[in-house]
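A.B. asks: Sequence:
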Amino acid sequence: MGIASDQPRAAATPRVVVVDDDPDLRSLIGGFLREHHFDVVTAADAGGLTARLGESPVDLILLDLMMPGEDGLSVLRRIDGPNRPGIIVLSAMGDEHDRIEGLELGADDYLAKPCNPRELLARIRAVLRRRDEVRLAVGNRDFRFGGWRLDVIARRLSHATAPSTQLTDAEFRVLKVLLETPQTVLSRDQLLDAAHGASADIFDRAIDVTISRLRRKLDPENLIRTVRNEGYMLAVTPEAA
Numbered sequence: 001m002g003i004a005s006d007q008p009r010a011a012a013t014p015r016v017v018v019v020d021d022d023p024d025l026r027s028l029i030g031g032f033l034r035e036h037h038f039d040v041v042t043a044a045d046a047g048g049l050t051a052r053l054g055e056s057p058v059d060l061i062l063l064d065l066m067m068p069g070e071d072g073l074s075v076l077r078r079i080d081g082p083n084r085p086g087i088i089v090l091s092a093m094g095d096e097h098d099r100i101e102g103l104e105l106g107a108d109d110y111l112a113k114p115c116n117p118r119e120l121l122a123r124i125r126a127v128l129r130r131r132d133e134v135r136l137a138v139g140n141r142d143f144r145f146g147g148w149r150l151d152v153i154a155r156r157l158s159h160a161t162a163p164s165t166q167l168t169d170a171e172f173r174v175l176k177v178l179l180e181t182p183q184t185v186l187s188r189d190q191l192l193d194a195a196h197g198a199s200a201d202i203f204d205r206a207i208d209v210t211i212s213r214l215r216r217k218l219d220p221e222n223l224i225r226t227v228r229n230e231g232y233m234l235a236v237t238p239e240a241a
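Residue 77 in UniProt numbering is what sits at position 77 of the sequence shown, and the numbering runs on without skipping anything.
FYI, nobody ran anything at the bench for these hints, they're computed from the structure.
Built from N, CA and C at the ideal position, the CB exists for glycine as well.
Incorrect hints may have been included.
Quick list of simulated restraints, FRET-style, between CB atoms [unchecked claim]:
1. 193 x 57: 44 to 52 Å
2. 239 x 23: 47 to 55 Å
3. 147 x 22: 44 to 52 Å
4. 78 x 181: 15 to 23 Å
5. 39 x 158: 30 to 38 Å
6. 47 x 27: 16 to 24 Å
7. 149 x 129: 21 to 29 Å
8. 68 x 147: 26 to 34 Å
Kindly produce the complete structure, drawing on both the sequences and the hints.
C.D. replies: Next comes the structure, spelled out in structure tokens:
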């Protein structure tokens, strides 16, 4: 069972949890975000985060990876549910392998320490904006394709012969744009825009990671095809559920 609550997101002022074992950094980031009209609470470790998530709905988590006790990657594995907060990893572990691992585990974005506070602010706003756009755009429409059903409200895939599975925000956005443009080749740049926004500093490899995660969840059907040197396409035509 994951640690994210099924409570609805907070209205009006976005609530952010800053999770880091460095008290000075927690104070610095918290103060900066409060100046920009965020409701900020902090936690020193995974246990503190769990307590914060149980207090009231949370919109976004800034998550350090290297913490005493349970580390951030383990926390990422446990966060689930249709109302999972947005997650930005903020870590000194900033090489490509670490970034890919964080994205594979469902982070919406990944920033290496130290970072420019204004860049952090822009990334937070972008993640929250994308999540709001998904909520406004999906309506009540579900999709059926290749034996699967995508519940666009819960962001969950289900199949008559397989357990249902939850999608991360990036997985949901990529799959949704593929479903809306079936049998059409979409470039990595187009999918990056859908998953992370046009202004996000996310590398092409992130899309390959997201596609790979979707394929594992849709296995064994070969529903998402690779078109060499061009991108990806959905190989079936979906219908509204």
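A.B. asks: Indicate, hint by hint, whether the structure satisfies it.
C.D. replies: Taking the hints in turn, this is what the structure says about them:
no.: 1; hint: 193 x 57: 44 to 52 Å; verdict: violated (28 Å)
no.: 2; hint: 239 x 23: 47 to 55 Å; verdict: holds (54 Å)
no.: 3; hint: 147 x 22: 44 to 52 Å; verdict: holds (48 Å)
no.: 4; hint: 78 x 181: 15 to 23 Å; verdict: violated (33 Å)
no.: 5; hint: 39 x 158: 30 to 38 Å; verdict: holds (35 Å)
no.: 6; hint: 47 x 27: 16 to 24 Å; verdict: holds (19 Å)
no.: 7; hint: 149 x 129: 21 to 29 Å; verdict: holds (28 Å)
no.: 8; hint: 68 x 147: 26 to 34 Å; verdict: violated (45 Å)
Violation of the numbered hints given earlier is confined to hints 1, 4, 8; the remaining hints are satisfied by the structure.
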